[in-house]
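Visitor: Below are the chains, spelled out letter by letter.
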Amino acid sequence: MNGLMKAIGFVVVCFIAAPLVIVVPMSFSDARSLQFPPPGYWLGYYDAYFRDMSWLRPTWNSILIASATTVLTMTLVVPATFALVRHKFYGKSVANVMMLMPMAVPHIVMAVGYYSYFGQMRLVHTHLGVILAHSCLSVPIAFLVLSANLKGFDRTLERAAQSLGASPVRTFIHITLPILRPGLLISALFAFIQSFDETVVAIFISGRDAETLPRKMFDSIRQEADPVIAVISTLLFVVVLIGLLTPYLVRGLRGRLRTRNAGQEPPPAALAPQE
Amino acid sequence: MQSKNTVLINPTVNTGRRTVLKGATALAATALATPFIGRARAADVLYINTWGGPWQEAATKNLFEPFTEETGIEIRTVSPVSFAKLAAQVKTGVYEFDVTTLGGGDILRANQAGIIEELEPPYEGGLFQNGVASHAFATVLAWRTDKYTDESPKDWADFWNVDKFPGPRSLQRYPARVLPIALLADGVKIEDLYPLDIDRAFASLDKIKPHIRVWWTAGAQSTQILRDGEIDMIGIWHGRYYEALDAGAPVAMTWNQAEIDRAYWVVAKDTPNMEAAKKFVAFATSAKPLAGFVTQGQYGALNPAANEFVPASAAERSPTSPENYPKVFEQDVANFGADPNEVAQRFEEWIAS
Amino acid sequence: MSVSTGGIQDRGQFWPWLLLLPLAAYLLVFFIVPLVDVAIMSVTEPKLSLDNYTKVLTGSLYRKVFINTFATAGLVAVCCLLVGYPLAYLMAHSSDRTALLILLLVTMSFWTSFLVRTYAWMVLLGNQGPVIWFMELIGIADPPHLLFTRFSSTLAMVHILAPYMIMNIYTVMKKIDPALVKSAESLGARGFSVFRHVYLPLTAPGIANGLVLVFVICLGFYVTPVLLGSPREQMIAGLIGHQIEEFLAFGLGSAMAMVLLAITMVILAIYHRRFGLDRLWG
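Residue numbers (this note's numbering), protein chains in the order written: chain A, 3 to 277; chain B, 2 to 354; chain C, 0 to 281.
In case anyone wonders, no lab produced these hints; they're calculated from the structure. Ideal Cβ positions, reconstructed from N, Cα and C, are used throughout, including at glycine.
To give an idea of the interface, some chain B residues facing chain C are shown, with a C-beta separation under 8 Å as derived from the structure:
| # | residue |
| --- | --- |
| 1 | K92 |
| 2 | W216 |
| 3 | E349 |
| 4 | S354 |
Computed list of lysine to aspartate or glutamate pairs in DMTMM-like fashion (alpha-carbon distance at most 25 Å, straight line):
| # | chain 1 | residue 1 | chain 2 | residue 2 |
| --- | --- | --- | --- | --- |
| 5 | B | K92 | C | E244 |
| 6 | B | K155 | B | E317 |
| 7 | B | K210 | B | D187 |
| 8 | C | K46 | C | E245 |
| 9 | B | K208 | C | E232 |
| 10 | A | K8 | C | E184 |
| 11 | B | K210 | C | D141 |
| 12 | B | K92 | B | E343 |
| 13 | B | K210 | C | E244 |
| 14 | B | K165 | C | D141 |
| 15 | B | K279 | B | E121 |
| 16 | B | K279 | A | D211 |
| 17 | B | K270 | C | E244 |
| 18 | B | K328 | B | D156 |
| 19 | B | K92 | A | D221 |
| 20 | C | K54 | B | E350 |
| 21 | B | K148 | C | E135 |
| 22 | B | K208 | B | E350 |
| 23 | B | K280 | A | D211 |
| 24 | B | K270 | A | D211 |
| 25 | B | K289 | B | D45 |
| 26 | B | K86 | B | E97 |
| 27 | B | K92 | C | E245 |
| 28 | B | K270 | C | E245 |
| 29 | C | K54 | B | E343 |
| 30 | B | K86 | C | E244 |
| 31 | B | K62 | A | D211 |
| 32 | B | K208 | C | D141 |
| 33 | C | K54 | B | D207 |
Construct the entire structure; sequences and hints are all you get.
Guide: See the structure below:
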């Protein structure tokens, strides 16, 4: 049983890895078609990506929208999370479920809603419209990460500071925030990625002036499977790889400096953006 | 189907609900939107809805760039061409493009629904249903020569003949072009096509449906699946066929029973860029730019004045050349035979079922 | 989450609400109102009636698409389990280094955009792709077309959703005390029997979690079926999108969206009562 299970497991590893591996050689292919193995290799499509405004503009839009979404989401979510984790009050469980709802509603439903509603408000095809929509969709993820961190928060230090005469505000700035910083950063990162990857709502509302990268990629795959997509895929893939490896490398480096082994914590678990 | 008609003809349905919703959020929206209002688009940019690919290359070089040079108006493009987008713009008041081209079937619908501006004829006989006639293009039968080596398909009946020519196929997800083809395949003569026998066309389509792997929706997509061999036989625009051929794909086509469509420039109703839009439409259909455009894009010019600037060598790939024109047939959009909106909905339901 | 870790008894209930207010107001205006808009459109476009629902619930096309959506979601969920379970097992029963590497791979797949992975499957299964190439290499004369079929979209969705399943099962497996398995073996139980009677029941909560999560997400999938699927086997989200984009049929699209929403909510509500919603994504 053990052996069989592991053997299948190895096959699955290949299944998971294959699509991630394939886009890298494809991005260097000199063919226009989806030919594999590629007939020859060149950097032409990288060149095309970095020259073509119709690809760079969506990239920039996505970065801008995801950044603004992160700021807006965190501004709203941080106080709310403190309220929900640290206080008891009437209606709390309802508020809790409410925070998670944007994750539970299928994005296509929200897309229809935003398309009509933002259309009436003249927010379709604007950066602001996409930011407002994405901020809703990022709330649950940011909240889940932050509340998990806040629940594990040891409040002894805060109490100590306050008993020594520090005001609640001073305590918050000098004690609570620094301790919570990693949790805040990861929470913000998740909000950013949620927005950066979000496709369905963006397809419907980001339009001409605020076109995001996923929307542009979707259109391109649907229409012509432009080889530049392989380039973008590879670049995104490398960014994810760097993002995931950085904590290990940093920890490994620190561990070596302190000449002791760093504990192996798993990377952020399956907190899920929808499509 | 009803919903569509109502929406298109009467874009202000449910004003009551709209007002309520607007009121509920006006405050928040105004506060948040203020910094963005100043960023409204500059008046000297014209947005044109394009077909992409070889169409756009030809248009950029012969229409867009010369126009910008002459008027100083910058042109940006949005693709693919979508009738629904054009209608949505009028409904929502958010304009993605100011100018687009429509085929013969769509221009009737658009004009009836009041979603395009009234225009003046820029040249004699050039105006049809408020669209300015620009160029003719064709939907042709094309196939993979590496797949059908012994014998080539000759007409749409062969496209339907899966015993003789087995393999996956593709057609456009667009009933106005597909239904006449289905009738031809079923043995209807070209002169008896219009008005279309819709039920017979669907019955004919039923026979080929299991073999249609892709209902293509964008020109570039049709090139890609033909070039990469995802399908073996396809009904494809002739320009897109030549794109695949020029890319080195083993493909062939026939002008026999090719279906001619006329493309018309139109201006979106109430667009904020009205002045520039009208100026562009007149420019794009004037003799010299149009001649350059049809020569590079391998179309047939609909402004007769353009023909004197079109070199004879361009004729081989043009659907309206003396050589090719006798083999093709023209759509008769005014004599369609049914409500195009109802047919479109029925077609969609048929595809999904 | 229902257990408060805070020891402070609040001075009234004023503060927590003040902290919650901005977010609550925001979600009301930019989340609830658009949803209500969909609900209203479903009964007012093009006129005030329940016609859209009648059509969606009784029309043969819509019934077919809903059934296909359910069947696909179920199939994908089961495939994810079949794929995810052995992989989670491999991770849970390997050296730390191997487990970490696999975990890294799974996480990486998870964080890679849906579109990238969908595109990758297009390359893999395309007519000029490596799978067909390999088939020709081993002598399959007329390899089947794989792209734009139910097979290709299902396979890609399984790949995209498998990480959810894997993470859920892996978390549970890591908590199983190896001594339990050992003691079962020492009592004479063998291979498969130990697995069936001891190990499998212990991982059941992770399996249930994973199945629900994958099923629910798959119900609303738009991108992958639209790009890779067959036109004859549309899923509900694709049909909603098409009705809105091509026909501006807001009423019909909204009615379908509301039915999809209702189904999703019922499933999640049942789950919430039994386990608590916040555990699903944990």
